[in-house]
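Participant: Below, each chain spelled out in residue letters.
There are 2 protein chains.
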Amino acid sequence: MHVPTDIEIASQVKKKPIKDIAALIGLQEEEWEPYGKYKAKINLSVLDRYKEQPDGNLILVTSINPTPAGEGKSTVTVGLGQAMNQLGHRTVVALREPSLGPTMGLKGGASGGGYAQVVPMEDINLHFTGDIHAITAANNALAAFIDNHIYQGNECHIDVRRIVWKRVMDLNDRALRNVVVGLGGIKQGVPREDGFNITVASEIMAIFCLASDLADMRRRLSRIVVGYQTDETPVTVADLGVEGALTLLLKEAIMPNLVQTLENTPAIIHGGPFANIAHGCNSLLATKMASKLGDYVVTEAGFGADLGAEKFLNIKARMGELDPKAVVIVATVRALKMHGGAEKANLKEENLVALREGIKNLKKHMETIEAFGLPFVIALNRFVHDTDEEINFVQSWCKEQGVEVSLTEVWEKGGNGGLDLAEKAVQTIQNKQAKFMPLYELEETIENKINRIAQQVYGANGVHFTPQAKEQIKQMEANGWANLPICMAKTQYSLSDDPKRLGRPETFDITVRELRPSIGAGFLVALTGDVLTMPGLPKEPAALKMDVNENGDAVGLF
Amino acid sequence: MHVPTDIEIASQVKKKPIKDIAALIGLQEEEWEPYGKYKAKINLSVLDRYKEQPDGNLILVTSINPTPAGEGKSTVTVGLGQAMNQLGHRTVVALREPSLGPTMGLKGGASGGGYAQVVPMEDINLHFTGDIHAITAANNALAAFIDNHIYQGNECHIDVRRIVWKRVMDLNDRALRNVVVGLGGIKQGVPREDGFNITVASEIMAIFCLASDLADMRRRLSRIVVGYQTDETPVTVADLGVEGALTLLLKEAIMPNLVQTLENTPAIIHGGPFANIAHGCNSLLATKMASKLGDYVVTEAGFGADLGAEKFLNIKARMGELDPKAVVIVATVRALKMHGGAEKANLKEENLVALREGIKNLKKHMETIEAFGLPFVIALNRFVHDTDEEINFVQSWCKEQGVEVSLTEVWEKGGNGGLDLAEKAVQTIQNKQAKFMPLYELEETIENKINRIAQQVYGANGVHFTPQAKEQIKQMEANGWANLPICMAKTQYSLSDDPKRLGRPETFDITVRELRPSIGAGFLVALTGDVLTMPGLPKEPAALKMDVNENGDAVGLF
Chain R
2 MHVPTDIEIA SQVKKKPIKD IAALIGLQEE EWEPYGKYKA KINLSVLDRY
52 KEQPDGNLIL VTSINPTPAG EGKSTVTVGL GQAMNQLGHR TVVALREPSL
102 GPTMGLKGGA SGGGYAQVVP MEDINLHFTG DIHAITAANN ALAAFIDNHI
152 YQGNECHIDV RRIVWKRVMD LNDRALRNVV VGLGGIKQGV PREDGFNITV
202 ASEIMAIFCL ASDLADMRRR LSRIVVGYQT DETPVTVADL GVEGALTLLL
252 KEAIMPNLVQ TLENTPAIIH GGPFANIAHG CNSLLATKMA SKLGDYVVTE
302 AGFGADLGAE KFLNIKARMG ELDPKAVVIV ATVRALKMHG GAEKANLKEE
352 NLVALREGIK NLKKHMETIE AFGLPFVIAL NRFVHDTDEE INFVQSWCKE
402 QGVEVSLTEV WEKGGNGGLD LAEKAVQTIQ NKQAKFMPLY ELEETIENKI
452 NRIAQQVYGA NGVHFTPQAK EQIKQMEANG WANLPICMAK TQYSLSDDPK
502 RLGRPETFDI TVRELRPSIG AGFLVALTGD VLTMPGLPKE PAALKMDVNE
552 NGDAVGLF
Chain L
2 MHVPTDIEIA SQVKKKPIKD IAALIGLQEE EWEPYGKYKA KINLSVLDRY
52 KEQPDGNLIL VTSINPTPAG EGKSTVTVGL GQAMNQLGHR TVVALREPSL
102 GPTMGLKGGA SGGGYAQVVP MEDINLHFTG DIHAITAANN ALAAFIDNHI
152 YQGNECHIDV RRIVWKRVMD LNDRALRNVV VGLGGIKQGV PREDGFNITV
202 ASEIMAIFCL ASDLADMRRR LSRIVVGYQT DETPVTVADL GVEGALTLLL
252 KEAIMPNLVQ TLENTPAIIH GGPFANIAHG CNSLLATKMA SKLGDYVVTE
302 AGFGADLGAE KFLNIKARMG ELDPKAVVIV ATVRALKMHG GAEKANLKEE
352 NLVALREGIK NLKKHMETIE AFGLPFVIAL NRFVHDTDEE INFVQSWCKE
402 QGVEVSLTEV WEKGGNGGLD LAEKAVQTIQ NKQAKFMPLY ELEETIENKI
452 NRIAQQVYGA NGVHFTPQAK EQIKQMEANG WANLPICMAK TQYSLSDDPK
502 RLGRPETFDI TVRELRPSIG AGFLVALTGD VLTMPGLPKE PAALKMDVNE
552 NGDAVGLF
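From first to last, the protein sequence lines stand for chains R and L.
When we follow the numbering used here, the leftmost residue of the first sequence carries the number 2, and every step to the right adds one.
When we follow the numbering used here, the leftmost residue of the second sequence carries the number 2, and every step to the right adds one.
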């Protein structure tokens with residue numbers, strides 16, 4: 002039997018014209034602009050009009066640590082939104098925009114899967130409405146302004162060895178990780194070491210996702226530290242005088258994008274910072290807008306709860322004064338078995354021993370969500386080879402723990418496969434009082450904040466700071482940046498900073514080797530282990546299978 | 002008195018919804034997609050529907066060699082389109098998309114001026130519908146595929162010293178002209194010299210602008226030569242197997258964009274290759290579409306007739322089987338005086354001596370257009386300080402030469418300032434038979450083709466080929482590329498290859514120092530002098546004045 006691919010399913014389902022979706026959520030005609038027949042940008046004025054209206058109930062979808070087996074978090078997020086609407090709850094889904102790099106590289110697309118997708122999936126996975134390209138342009142315009150400033154006399158006395166602003170591409174391109182620019186003689190600039198990040202790791206992406214309006218984005222852009230003078234005095238975008246031009250380049254992009262799911266559920270897709278190096282959730286404006294336009298909002302945070310959810314709660318929710326009501330933690334039998342020691346090749350075989358061991362990973366994330374004061378539901382996302390015994394085991398385990406669990410089959414059945422999860426999520430919100438609070442106070446020291454995350458979220462014994470990191474912390478304190486939240490950069494595969502330690506590692510320390518200020522975004526990045534900010538392509542990139550057929554339609558996005 | 006800026010004028014004039022413009026040119030509802038309220042993309046299926054309909058009359062606007070005084074060619078093109086419509090001739094304007102590099106650098110915008118502009122000018126000058134970003138992404142994805150191919154084992158045996166595919170940015174960024182990539186050790190790629198061009202100089206931009214449909218674009222992309230093996234055997238995109246992915250990245254961008262002028266004249270703006278390094282005119286699809294949707298098409302080619310018009314006629318018109326009916330040659334008193342030796346600071350003073358000398362530049366371009374078998378009209382684009390004596394001189398001179406001349410004031414008066422030009426253009430088409438033919442046959446040798454252009458268009462005595470160029474010509478003949486047209490890369494400021502020799506230089510040779518194959522685009526680039534393929538920013542970039550005001554509107558695009 003031919004199992005239809007995501008793009009086949011997506012192209013068979015009938016989409017509603019975007020004006021119908023806009024009308025469904027009560028947008029007035031001047032409040033949105035069409036981008037093709039099935040995409041729109043929503044004017045920020047909507048937030049003003051709904052200022053006095055209470056926010057809808059915010060549900061955050063997170064997961065166990067991802068494994069190569071896949072956990073289907075985006076799929077559950079979309080499917081839950083579809084199911085909520087089937088039950089008559091006016092729900093808006095809020096998601097991140099996919100980056101072209103992973104699409105062309107490994108993933109081939111990131112917009113849910115099966116019968117729980119956002120559409121038009123081929124647009125969303127390619128250029129969409131151009132937001133990420135606008136961020137690339139702004140990031141690289143800033144780099145050009147910096148190098149031109151130095152070439153034209155360097156009035157700000159930027160030390161070329163201390164420039165921290167990197168160029169970006171929305172691609173996986175390892176050859177650009179470390180480069181030398183400005184070669185070719187005195188007419189071509191000043192030679193210096195440089196490097197490229199993927200666009201979704203840019204501070205401008207983080208700013209874009211945390212700004213509360215256009216003026217706030219402009220202020221944040223002006224605060225970006227691009228480098229230092231020889232005496233370590235920071236040089237900012239405001240010193241260069243280009244915050245206006247950068248804001249201009251982003252003024253359309255900052256409007257959130259409206260699309261729909263395969264069941265015509267409204268979905269707002271906007272912004273997409275990496276969850277390992279940045280904070281990993283869609284824009285604050287998208288979440289706020291969804292909260293005004295729906296009675297419920299279903300949103301997700303990248304990777305596992307140790308990365309995406311931790312940063313959603315400690316950084317985004319705090320800055321944006323969001324009030325999450327419940328969390329859904331996605332797990333799969335397959336992934337839990339990998340966490341318990343099973344090999345990827347053997348995942349089709351029943352393995353209760355591995356499952357029993359691997360479920361400890363889920364347990365740790367449950368503790369983390371509880372520590373934030375939030376009620377939760379486990380979504381056990383069913384895959385075709387899961388045995389009844391395995392599913393029974395997880396369900397019984399949850400019962401023993403006294404937590405709600407729901408078996409979801411949204412990939413195969415769409416919203417119908419998530420009705421039980423939707424009911425449990427709504428009941429949780431109605432019956433359990435969320436008492437959200439961040440895990441640390443901003444006034445604590447930088448070391449303390451990092452220690453709290455490492456101990457409470459990762460389960461580490463403590464944190465080792467390298468001499469470089471200690472020196473940087475001192476410098477940050479001297480610069481008056483100590484009261485910012487921490488954005489941890491850590492491998493997504495493990496609770497520890499070693500990607501090979503799956504399950505629930507015990508007795509380990511976290512090593513913080515470097516700190517980077519993201520003063521525009523408003524956080525300090527603490528880097529642990531080797532976190533790649535520019536991925537590479539695999540031997541057989543997904544791009545090799547991509548094409549356009551005789552009708553002009555996309556092929557090979559899966 | 003406050004003279005309103007372009008953006009002030011543009012924001013005061015009432016635009017029609019794009020659906021009204023689409024209806025005006027007879028587009029059916031499924032044949033276009035809105036991009037915001039005032040932009041649309043037109044489906045290529047329109048060309049099929051109108052296949053049997055004869056083409057509208059094609060008018061090409063070109064000019065004398067540009068000077069810092071400005072000649073206003075785009076403004077005349079837009080103003081002529083407006084005037085034609087005022088006279089009841091169904092006319093569509095076809096123009097290039099501006100590049101962000103010059104917008105952020107020197108120009109601050111390129112969409113006509115005064116009361117002869119295309120709108121929404123702030124969108125057109127920023128990201129527009131994302132076409133150039135899509136080309137940037139495709140160009141750089143190809144670069145990443147090349148470096149990844151080498152990193153993963155180099156099955157195609159690409160010689161890293163012979164890679165000719167460069168990365169691009171749609172920015173002015175001199176620090177990227179010469180770079181070294183792949184540094185950092187064995188996990189980061191293979192070190193090699195590289196460099197960035199501005200996106201509009203990319204071969205993909207040229208392909209995009211010369212493709213006749215999606216399948217033709219895919220074929221052209223597959224033929225791109227990315228580098229060579231050690232024995233000089235070319236390695237192409239087809240060898241890497243990524244033509245499908247590149248086509249997919251461009252499948253939306255290839256649809257021409259519909260906007261309007263300040264007088265609601267339909268305008269198709271699509272593609273924008275540089276006219277010094279590439280062929281310098283909007284996409285063939287845009288021109289063809291305009292020819293089906295209007296009884297007249299007014300289009301322009303970049304820089305002076307020696308560059309833009311020569312390549313429009315020898316390359317684009319030949320490949321696309323276009324049949325131009327008349328040419329408008331734009332000149333200004335100011336620019337002619339500069340060609341005659343006047344300094345920029347003294348242009349407000351009457352100077353008939355300089356004018357008499359400088360008009361020889363115009364004379365040469367008239368001869369060129371005649372050599373192509375095309376009738377023409379001179380548009381003398383009036384500036385405020387031009388004296389009656391100076392204008393009389395040019396008019397009398399034209400009368401002596403037996404050629405039509407029209408005084409245009411479209412910047413100040415819009416279409417009203419171009420009614421006389423419009424009448425003369427229509428009369429020229431009605432009364433004078435165009436006998437268009439390219440200046441050389443494709444079967445001539447590469448040297449002969451270049452010699453013909455240098456002698457017939459530039460007025461050179463002959464061409465000097467450097468030993469490197471001679472060697473490359475031999476190599477190109479050996480590769481079977483000898484029958485392609487030539488894309489001359491030359492300074493725009495002079496008929497010669499020395500930018501300082503204004504007016505009509507005599508007794509000079511052209512030096513061809515290098516040839517580059519653009520096999521996908523389907524031409525051979527012959528480089529003379531120093532032609533920059535990545536511009537730099539000035540000391541005070543236009544970006545310093547750009548911003549967004551409290552209403553969210555663009556400021557500082559002029």
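Hints in this document: simulated from the structure, not taken from any laboratory.
Check each hint, because a few of them may be wrong.
Put simply, identical chains are the same to the list, so a pair is met inside one copy or across any two.
Unchecked claim - Taking lysine-lysine and the DSS-like style, the derived pairs with C-alpha atoms no more than 25 angstroms apart in a straight line are:
| no. | residue 1 | residue 2 |
| --- | --- | --- |
| 1 | Lys501 | Lys188 |
| 2 | Lys188 | Lys540 |
| 3 | Lys501 | Lys15 |
| 4 | Lys471 | Lys400 |
| 5 | Lys365 | Lys436 |
| 6 | Lys16 | Lys414 |
| 7 | Lys38 | Lys17 |
| 8 | Lys38 | Lys20 |
| 9 | Lys38 | Lys16 |
| 10 | Lys365 | Lys400 |
| 11 | Lys365 | Lys501 |
| 12 | Lys436 | Lys501 |
| 13 | Lys425 | Lys436 |
| 14 | Lys400 | Lys361 |
| 15 | Lys414 | Lys365 |
Participant: Hints first: check each against the structure and report whether it holds.
Facilitator: Verification of the hints:
no., hint, verdict
1, Lys501 / Lys188, "between (49 angstroms within a copy, 19 angstroms between copies)"
2, Lys188 / Lys540, "between (39 angstroms within a copy, 13 angstroms between copies)"
3, Lys501 / Lys15, "neither (43 angstroms within a copy, 62 angstroms between copies)"
4, Lys471 / Lys400, "neither (45 angstroms within a copy, 81 angstroms between copies)"
5, Lys365 / Lys436, "within (19 angstroms within a copy, 81 angstroms between copies)"
6, Lys16 / Lys414, "within (17 angstroms within a copy, 47 angstroms between copies)"
7, Lys38 / Lys17, "both (9 angstroms within a copy, 19 angstroms between copies)"
8, Lys38 / Lys20, "both (8 angstroms within a copy, 13 angstroms between copies)"
9, Lys38 / Lys16, "both (10 angstroms within a copy, 21 angstroms between copies)"
10, Lys365 / Lys400, "within (16 angstroms within a copy, 90 angstroms between copies)"
11, Lys365 / Lys501, "within (17 angstroms within a copy, 73 angstroms between copies)"
12, Lys436 / Lys501, "neither (34 angstroms within a copy, 74 angstroms between copies)"
13, Lys425 / Lys436, "within (18 angstroms within a copy, 78 angstroms between copies)"
14, Lys400 / Lys361, "within (15 angstroms within a copy, 93 angstroms between copies)"
15, Lys414 / Lys365, "neither (30 angstroms within a copy, 72 angstroms between copies)"
When held up to the earlier numbered hints, the structure conflicts with 3, 4, 12 and 15 and fits the remainder.
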